[in-house]
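Q: Sequence:
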Amino acid sequence: MNIVIPMAGLGSRFAKAGFDKPKPFIDVLDKPMIVRVLENLKYKDARYILIARKEHLTKEKKLVDEIKNNFNVEFIPIDKLTEGTACTVLYARKYINNDMPLMIANSDQIVDINIADFINDSFKRGLDGSILTFIDKEKNPKWSFAKLNNDLVVEVKEKEAISEFATVGIYFFNKGKIFVESAIDMIIENDRVNNE
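So the sequence shown is numbered by full-length UniProt numbering: it starts at 1 and just counts up by one.
Be careful, since some hints might not be right.
Stated by the list, open to error - Below, a list of computed lysine-lysine pairs in the DSSO-like style, where the Cα atoms sit at most 27 Å apart:
| hint | residue 1 | residue 2 |
| --- | --- | --- |
| 1 | Lys62 | Lys16 |
| 2 | Lys124 | Lys139 |
| 3 | Lys16 | Lys42 |
| 4 | Lys68 | Lys175 |
| 5 | Lys31 | Lys59 |
| 6 | Lys139 | Lys159 |
| 7 | Lys61 | Lys16 |
| 8 | Lys21 | Lys44 |
| 9 | Lys68 | Lys31 |
| 10 | Lys61 | Lys124 |
| 11 | Lys157 | Lys23 |
| 12 | Lys16 | Lys44 |
| 13 | Lys159 | Lys142 |
| 14 | Lys59 | Lys21 |
| 15 | Lys177 | Lys80 |
| 16 | Lys16 | Lys94 |
| 17 | Lys59 | Lys44 |
| 18 | Lys142 | Lys124 |
| 19 | Lys31 | Lys16 |
| 20 | Lys16 | Lys177 |
| 21 | Lys80 | Lys61 |
| 22 | Lys80 | Lys59 |
| 23 | Lys94 | Lys80 |
| 24 | Lys157 | Lys139 |
| 25 | Lys44 | Lys62 |
| 26 | Lys80 | Lys157 |
Claimed, not checked - Distance ranges between label pairs, derived from CB positions:
| hint | residue 1 | residue 2 | range |
| --- | --- | --- | --- |
| 27 | Glu138 | Lys62 | 40 to 46 Å |
| 28 | Leu148 | Lys68 | 36 to 42 Å |
| 29 | Ile113 | Glu155 | 21 to 27 Å |
| 30 | Lys42 | Lys124 | 15 to 21 Å |
| 31 | Asp128 | Lys68 | 30 to 36 Å |
| 32 | Leu152 | Gln109 | 30 to 36 Å |
| 33 | Val28 | Ile184 | 30 to 36 Å |
Quick caveat, the hints were computed from the structure, so don't treat them as lab data.
In this text, a Cβ means the ideal position worked out from N, Cα and C, and glycines have one as well.
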């Protein structure tokens with residue numbers, strides 16, 4: 001199982017708010033945010049692939065080394081701003097373009113479930129993939145939304161309320177190559193929202 005966590009944004013809102021550390025490295029209840037996320041996404045035999053800005057990894061070298069010592073993790077340094085999450089995750093393609101399961105998760109959120117239950121449910125039902133969602137009755141367009149038909153996802157839209165099922169930002173694919181092929185198709189077709 002590969003778990004990719006893209007964390008390569010500029011973090012400009014946090015810098016403007018006075019934080020001197022990059023967002024994933026800010027302490028949350030006495031632990032760095034990314035450590036909290038890694039603990040929250042604990043799954044047996046998982047390899048974590050963290051894609052981060054090279055300058056952030058250099059600035060936080062001591063913490064990066066601690067993370068390497070405590071988790072089965074690969075860091076992928078990048079030195080440019082990408083055109084969104086899918087493009088960032090593709091930096092991990094040499095690790096994920098295969099038949100191994102893949103989960104992609106945000107670097108700044110913790111979910112109140114045992115992530116193994118979510119993953120194992122997808123395996124049990126023989127799904128190609130699964131998206132963790134919550135019900136947003138207000139259909140706030142700040143989220144992405146999944147449209148269902150017979151309890152299966154038939155469409156996902158960024159920032160457009162096509163249903164009440166808002167995505168949490170955790171996406172599972174039973175084979176990493178499904179994501180890689182789909183992301184490349186999306187880029188080729190220039191299928192974007194807000195230039196991402």
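Q: Compare the structure with each hint and give your call.
A: Hint check results:
Among the hinted pairs, Lys62 with Lys16 is consistent with the structure: their alpha-carbon atoms are about 24 Å apart, no more than 27 Å. Among the hinted pairs, Lys124 with Lys139 is inconsistent with the structure: their alpha-carbon atoms are about 30 Å apart, more than 27 Å. Simply put, Lys16 and Lys42 have alpha-carbon atoms about 32 Å apart, too far for the 27 Å limit, and the pair is violated. Taking the CA atoms of Lys68 and Lys175, the gap is near 25 Å; set against the 27 Å cutoff, the hint holds.
Distance check on the hinted pair: Lys31 and Lys59 sit about 17 Å apart at the alpha-carbon level, within 27 Å; holds. A C-alpha spacing of about 10 Å is found between Lys139 and Lys159, which places the hinted pair at or below 27 Å, so the restraint holds. Taking the CA atoms of Lys61 and Lys16, the gap is about 23 Å. The hint holds against a cut of 27 Å. With a C-alpha separation of about 30 Å, the suggested pairing of Lys21 with Lys44 is violated against the 27 Å cut-off.
A hinted pair counts as satisfied when its Cα atoms are at most 27 Å apart, and Lys68 with Lys31 qualifies at roughly 15 Å. Between the alpha carbons of Lys61 and Lys124 the distance comes to roughly 40 Å, so the proposed pair goes past 27 Å and is violated. With a CA separation close to 26 Å, the supplied pair Lys157 and Lys23 stays within the 27 Å bound. Using a Cα cut-off of 27 Å, the hinted pair Lys16 and Lys44 is violated, with the two alpha carbons roughly 38 Å apart.
Pair hint Lys159 plus Lys142 holds up; C-alpha atoms about 5 Å apart against a cutoff of 27 Å. As the CA atoms of Lys59 and Lys21 are separated by approximately 8 Å, the hinted pair is consistent with the 27 Å bound. For the suggested pair Lys177 and Lys80, the alpha carbons sit about 24 Å apart, so the restraint of at most 27 Å is met. With a CA separation close to 35 Å, the supplied pair Lys16 and Lys94 exceeds the 27 Å bound.
This hinted pair does not check out: Lys59 and Lys44 have alpha carbons roughly 30 Å apart, beyond 27 Å. Restraint check: the Cα-Cα separation between Lys142 and Lys124 comes to about 32 Å, which exceeds 27 Å; the hinted pair is violated. Using a Cα cut-off of 27 Å, the hinted pair Lys31 and Lys16 holds, with the two alpha carbons roughly 22 Å apart. A hinted pair counts as satisfied when its Cα atoms are at most 27 Å apart, and Lys16 with Lys177 does not qualify at roughly 38 Å.
A distance of roughly 19 Å separates the Cα atoms of Lys80 and Lys61; the hinted pair therefore holds under the 27 Å criterion. A C-alpha spacing of about 16 Å is found between Lys80 and Lys59, which places the hinted pair at or below 27 Å, so the restraint holds. Restraint check: the Cα-Cα separation between Lys94 and Lys80 comes to about 19 Å, which is no more than 27 Å; the hinted pair holds. The hinted pair formed by Lys157 and Lys139 meets the criterion: a straight-line CA distance of about 12 Å does not exceed 27 Å.
A threshold of 27 Å between alpha carbons decides the hint, and for Lys44 with Lys62 the separation of about 26 Å falls inside it, so the pair holds. For the hint linking Lys80 to Lys157, the alpha-carbon distance of about 26 Å falls within 27 Å, and the restraint holds. For the pair Glu138 and Lys62, the supplied restraint of 40 to 46 Å holds, since their beta-carbon distance comes to about 42 Å. A hinted range of 36 to 42 Å for the beta carbons of Leu148 and Lys68 is consistent with their spacing of about 39 Å.
Here the CB-CB span from Ile113 to Glu155 is close to 24 Å, well matched to the stated 21 to 27 Å. Between Lys42 and Lys124 the CB atoms are about 19 Å apart, so this pair conforms to the stated range of 15 to 21 Å. Between Asp128 and Lys68, the C-beta spacing of about 32 Å keeps the proposed range 30 to 36 Å intact. Judged by the Cβ atoms, the range 30 to 36 Å given for Leu152 and Gln109 is violated: they are separated by roughly 24 Å.
Between Val28 and Ile184 the beta carbons are some 34 Å apart, a value that agrees with the proposed interval 30 to 36 Å.
Hint compliance for this structure: hints 2, 3, 8, 10, 12, 16, 17, 18, 20, 32 are not met, and every other hint is.
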